Amino acid sequence: MAYKILTKKTLNPQVFLMEIEAPAVAAKAEPGQFIILRTDDKGERVPFTIADFDREKGSVTIIVQVVGKTTKDLEKFEAGMELQDFVGPLGMPTELEGKKKVAVIGGGLGTAIAYPQAKKLHAMGACVHLIAGFRSTEFIILEEELKEVADKLIITTDDGSNGLKGFVTDRLKELLKSGEKYDEVIAIGPLVMMRAVCAVTKEYDIPTTVSMNPVMIDGTGMCGGCRVIVGGETKFACVDGPDFDGHKIDWDLAMNRQRMFKELEQHSFAEGTCRLADRKN
Amino acid sequence: MINNDLKKTPMPEQCPSERNKNFLEVTTGYTEEMAVNEARRCLNCKTKPCMNGCPVHVKIPEFIAYVAEGKFEEAYLKIKETNALPAVCGRVCPQETQCESKCVRAIKGESVGIGRLERFVADYHMKHVEDIIEKIPSNGKKVAVVGSGPSGLTVAGDLAKRGYEVTVYEAFHTAGGVLMYGIPEFRLPKDIVQKEIENLKKLGVDIETNVVIGKTILLDELFEDYGFDAVYIGSGAGLPSFMGIDGESLNGVYSANEFLTRINLMKGYKFPEYDTPVYIGKSVAVLGGGNVAMDAARCAKRLGAENVYIVYRRGLEELPARAEEVMHAKEEGIEFKLLTNPTRFIGDDKGWLKEMEVVSMELGEPDASGRRRPVKIEGSEHILPIDTAVIAIGQTPNPLIKKTTEGLDTNKKGCIIADEETGKTSKKHVYAGGDVVTGAATVILAMGAGKAAAEAIDKELSE
Chain F
0 MAYKILTKKT LNPQVFLMEI EAPAVAAKAE PGQFIILRTD DKGERVPFTI
50 ADFDREKGSV TIIVQVVGKT TKDLEKFEAG MELQDFVGPL GMPTELEGKK
100 KVAVIGGGLG TAIAYPQAKK LHAMGACVHL IAGFRSTEFI ILEEELKEVA
150 DKLIITTDDG SNGLKGFVTD RLKELLKSGE KYDEVIAIGP LVMMRAVCAV
200 TKEYDIPTTV SMNPVMIDGT GMCGGCRVIV GGETKFACVD GPDFDGHKID
250 WDLAMNRQRM FKELEQHSFA EGTCRLADRK N
Chain H
0 MINNDLKKTP MPEQCPSERN KNFLEVTTGY TEEMAVNEAR RCLNCKTKPC
50 MNGCPVHVKI PEFIAYVAEG KFEEAYLKIK ETNALPAVCG RVCPQETQCE
100 SKCVRAIKGE SVGIGRLERF VADYHMKHVE DIIEKIPSNG KKVAVVGSGP
150 SGLTVAGDLA KRGYEVTVYE AFHTAGGVLM YGIPEFRLPK DIVQKEIENL
200 KKLGVDIETN VVIGKTILLD ELFEDYGFDA VYIGSGAGLP SFMGIDGESL
250 NGVYSANEFL TRINLMKGYK FPEYDTPVYI GKSVAVLGGG NVAMDAARCA
300 KRLGAENVYI VYRRGLEELP ARAEEVMHAK EEGIEFKLLT NPTRFIGDDK
350 GWLKEMEVVS MELGEPDASG RRRPVKIEGS EHILPIDTAV IAIGQTPNPL
400 IKKTTEGLDT NKKGCIIADE ETGKTSKKHV YAGGDVVTGA ATVILAMGAG
450 KAAAEAIDKE LSE
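Those protein sequences? They're chains F and H, same order as listed.
Each residue of the first sequence is one higher than the one before, counting from 0 in numbering that gives the first Met the number 0.
Each residue of the second sequence is one higher than the one before, counting from 0 in numbering that gives the first Met the number 0.
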């Protein structure tokens, strides 16, 4: 089975999009689910959230930020080349039924993950307020796509380089103070950002869904590496999630577990050599 | 000419202080002379008690008679009549509780080394004989097998030989199941497993990796959309059990599944040549006393841990692991902390495991399993300083298929309910066997279940 890269597009200096041929995955994919890929037979199994899918074309899109060895390797892949392994869709789809008005909040790359949910909500007739936060203007991604699915779109930058300075939580607070009411808030991004959003929505008692992306191997419930504590219970992000009630997550623990392999990963990132040159295709 | 030696011909092996630093196979296998010598210990009993101890009924005295005559390939073909994976079984079967436990020679002295001979024969074949496998003409019927572990591979092989078009679906990127992700290289070299799988492919079996049944394809769709006539579920016991004690999610605490998969399937022991890291501390506690625990402990030692402990709540007699594995572990410097039960994990201020609180136990009355129940000794709490823990207290079946399939009955433990003789489940044309039915057990029992199910599937589809 070959998993061919159909298109590759640079979105910002650190982020690129890849559309991959995987008809079986595309046939079942729903917003909120993820895939696991390997670049080659020495590669690590790395999960990526499904950013988009096209059932007719049989393709799945992922959006990648270069943060480690695998993503650095992936960056060297071009359209026409093939990935070694690509499996999914894994995890539970986000529950979107019955929501009338939703605030979708994306932090950095998390915006790419929040996009399919906003898109589906919009298609289902819900009112979508979308807040996306980036470090500065040059890192803004998917602006056109977001505009199409959002009834209100607010893009904010940490340094104010796009004219609106501040964090997504500042913007959310403003909306809530101005009297906006939401059935739900969906927050996807770095753990610190999701935790901060949850602190805000807790005050207003708004149900808040977050998407967790912990270290995992198989993605089918086998390794238990992706365990998160939700409401005092151990859950596996791969099969019980990746979406969870953000007000119930043990954030300290989640942040801690994210650091378990950090040192080794940095070693691999710094020392590891890309094996792409040895490939035959 | 019978060899009257009361002991088995010793198995050559790497010396413990060397092998606990590498992942090469521990035992190196009989030479031809050793094999013939050992085969001559077999009395070739008419009643063949050993065969009754084998879940796949290998014709043991017959193959051993060939070995005694130096006809190694004939011996191989004899084993292959009933056992699809002799190189695997010769290495990982618990012969001491199966075939060898019934051996007449064991009444006075040691049994014939049946497992060692099986391994020798299989290795001899792999080394000297090029397999000529021809695809069997199709009988037009299609069977899907879920999972490519020992039971799935057995079903696939048996049915392919009878002309069925078999597709095996594997969730991982490599076929082999527990033979690849669970059992370490030093006990079962992965080349051997892959060679067996290549042979199945030559037989015409189609192996689709990266497909999760219950996610990528639903079980019912295998019938409706893919046109299979029967489905065999051999998806194993992949869900790790945790202790449910404090601190279990601290950094440094692994499930045995995660720890072993990183090392074996992902080749974490070759990091950074391979990308998957495996963190290993200075002092490692492996919780549990089964073969998985022994594997994890021996891996930890090989990865450079200074102290490796097996922490088990019962005594030496009750260890469920094979005696051979326990012995190997001890030789390699694994320390056994028996009658010891963990009560909590304690972390440092950065969230890393730094020690484990344990209590001492004593053995009370026998419980339902017949083993004496361990009872806590009050006030015996003490601290074991460790920075890595591996929880190896068991696995249960993965619920993915159960959750997405209607009409498939399971028991309280989440195991699929299947007829013991045939593997038939509550759902029409769906069979199951191996760990997904029994809970975590052995490779050979899973193969036995696969064999029986293949027979039953053939019977049903031929009607």
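These are computed hints drawn from the structure, not numbers from a lab.
Among the hints, erroneous ones may be present.
The calculated lysine-lysine pairs, modelled on DSSO-like cross-linking and capped at a C-alpha distance of 27 Å, are [as the list claims (entries may be wrong)]:
| # | chain 1 | residue 1 | chain 2 | residue 2 |
| --- | --- | --- | --- | --- |
| 1 | F | K71 | H | K266 |
| 2 | H | K20 | F | K119 |
| 3 | H | K200 | F | K247 |
| 4 | F | K261 | H | K401 |
| 5 | F | K261 | H | K20 |
| 6 | F | K75 | H | K266 |
| 7 | F | K261 | H | K411 |
| 8 | F | K3 | H | K266 |
| 9 | H | K189 | H | K134 |
| 10 | F | K247 | H | K140 |
| 11 | H | K20 | F | K27 |
| 12 | F | K234 | H | K401 |
| 13 | H | K402 | F | K27 |
| 14 | F | K41 | H | K79 |
| 15 | F | K41 | H | K140 |
| 16 | H | K349 | F | K234 |
| 17 | H | K20 | H | K79 |
| 18 | H | K79 | F | K234 |
| 19 | F | K41 | H | K412 |
| 20 | H | K79 | F | K261 |
| 21 | H | K411 | F | K234 |
| 22 | H | K200 | F | K41 |
| 23 | H | K401 | F | K71 |
| 24 | F | K100 | F | K3 |
| 25 | H | K281 | F | K3 |
| 26 | H | K401 | F | K75 |
Being a predicted model, the structure only gives us computed values, none of them experimental.
Task: Structure versus earlier hints - violations, ascending order - done: 2, 3, 4, 7, 10, 11, 14, 15, 17, 18, 19, 20, 23, 24, 25, 26
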